[in-house]
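Engineer: Residue numbers (the working numbering), protein chains in the order written: chain A, 1 to 111; chain B, 1001 to 1111.
The reader is advised that the hints may include incorrect statements.
Far from chain A, by Cβ distances over 12 Å, these chain B residues were calculated [unchecked claim]: (1) 1012; (2) 1059; (3) 1070; (4) 1073; (5) 1075; (6) 1081.
Below, a list of computed lysine to aspartate or glutamate pairs in the EDC-like style, where the Cα atoms sit at most 20 Å apart [claimed, not checked]: (7) B/1056 <-> A/98; (8) B/1098 <-> A/98; (9) A/79 <-> A/59; (10) B/1067 <-> A/98; (11) B/1042 <-> A/85; (12) B/1042 <-> A/22.
Chain A stretches covered by chain B per the calculated footprint, using a threshold of three residues with CB under 8 Å from any CB of chain B [unchecked claim]: (13) 45-57; (14) 89-99.
If you're looking for bench data, these hints aren't it; they were derived computationally from the structure.
In this text, all values refer to a predicted model and were calculated from it rather than measured experimentally.
Just so you know, even glycine gets a beta-carbon here, dropped at the ideal spot from N, CA and C.
One letter stands for each residue in the lines below.
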Amino acid sequence: SQTIHQWPATLVQPVGSPLSLECTVEGTSNPNLYWYRQAAGRGLQLLFYSVGIGQISSEVPQNLSASRPQDRQFILSSKKLLLSDSGFYLCAWSEILEGYTFGSGTRLTVV
Amino acid sequence: QKEVEQNSGPLSVPEGAIASLNCTYSDRGSQSFFWYRQYSGKSPELIMSIYSNGDKEDGRFTAQLNKASQYVSLLIRDSQPSDSATYLCAVTNTGGFKTIFGAGTRLFVKA
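Next up, chain A with everything else stripped away, as it sits in the complex:
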């Protein structure tokens, strides 16, 4: 069966510090991978999606970036965090047109 791992679970970072969140999927090949952010009390905002190694589509202009160095690995990064980057970050995978399986999420607080 397919599983998705996301870490860390919680993170407190100062403004201006770098960020790296990692997500890995097991039990499937060539999955579609996604990064979403959910601000407190808000809906899910699509940040990036990837349909293959090295293929990244960005949905929202911001100081975040994503990379997919391996088929089942998806990384979200920032060189300098802003206060507005605080939120609940969710990695997800799916087959095309199918529903998502989400990771357990990373709660990021920028102070």
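Add chain B to chain A, keeping to what the hints say.
Structural biologist: Coordinates of chain B only, in the frame set by chain A:
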């Protein structure tokens, strides 16, 4: 106009009643429709998928889709306190790679 709209609630129903959750979407070419349940502080969990007009039943859950009216609904029969959560409506766009989420409806089931 928001792409996927839901009433934010909260919707409060007594235990054993039917909870009715509604959602409208703007992209007429959308192909896949989903309902997710999200408990406070947790990641969303897929509970229903529907792809064609009509009803789809799974246990106590029934999803209804009307593409002509661009309307999706979720019925929860015999509601239980454990159903208390935020329910997210999600729609996959015409290309099939991106899923847009509504802001969610909070449901409270009173014992």
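Engineer: Just want to verify: residue 1073 of chain B was marked as not at the interface with chain A; is every Cβ pair farther apart than 12 Å?
Structural biologist: Nearest chain A Cβ is 17 Å from residue 1073 of chain B, so the label holds.
Engineer: Just to be careful, I want the Cα atoms of residue 79 of chain A and residue 59 of chain A compared with a cutoff of 20 Å; is the pair within it?
Structural biologist: 18 Å, holds
Engineer: Beyond 12 Å from every chain A Cβ: check whether that's true for residue 1012 of chain B.
Structural biologist: Consistent with the label, residue 1012 of chain B stays out of reach of chain A, its closest Cβ about 18 Å off (over 12 Å).
Engineer: Taking only the CA atoms, is the gap from residue 1056 of chain B to residue 98 of chain A under or equal to 20 Å?
Structural biologist: 16 Å, holds
Engineer: Please verify the coverage claim for the segment 45-57 of chain A: does it have three or more residues whose C-beta sits within 8 Å of some C-beta in chain B?
Structural biologist: holds (count 4)
Engineer: Is residue 1098 of chain B close enough to residue 98 of chain A, meaning Cα to Cα at most 20 Å?
Structural biologist: Judged against 20 Å, a Cα distance of about 10 Å means the pair holds.
Engineer: Residue 1075 of chain B: least C-beta distance to chain A exceeds 12 Å?
Structural biologist: Check passes; 18 Å lies beyond 12 Å.
Engineer: Residue 1042 of chain B and residue 85 of chain A were given as a pair; does the straight-line alpha-carbon distance stay at or below 20 Å?
Structural biologist: 19 Å, holds
Engineer: Regarding the assertion that residue 1081 of chain B does not contact chain A, is the least Cβ-Cβ distance greater than 12 Å?
Structural biologist: 22 Å, holds
Engineer: With the threshold set at 20 Å, check whether the alpha-carbon distance from residue 1042 of chain B to residue 22 of chain A stays at or below it.
Structural biologist: 18 Å, holds
Engineer: Check whether the Cα positions of residue 1067 of chain B and residue 98 of chain A lie no farther apart than 20 Å.
Structural biologist: Holds, because 18 Å separates the two Cα atoms, which is no more than 20 Å.
Engineer: Closer than 8 Å, Cβ to Cβ, for at least three residues: run that test on the segment 89-99 of chain A against chain B and report holds or violated.
Structural biologist: holds (count 6)
Violated hints: none; the structure is consistent with every hint.
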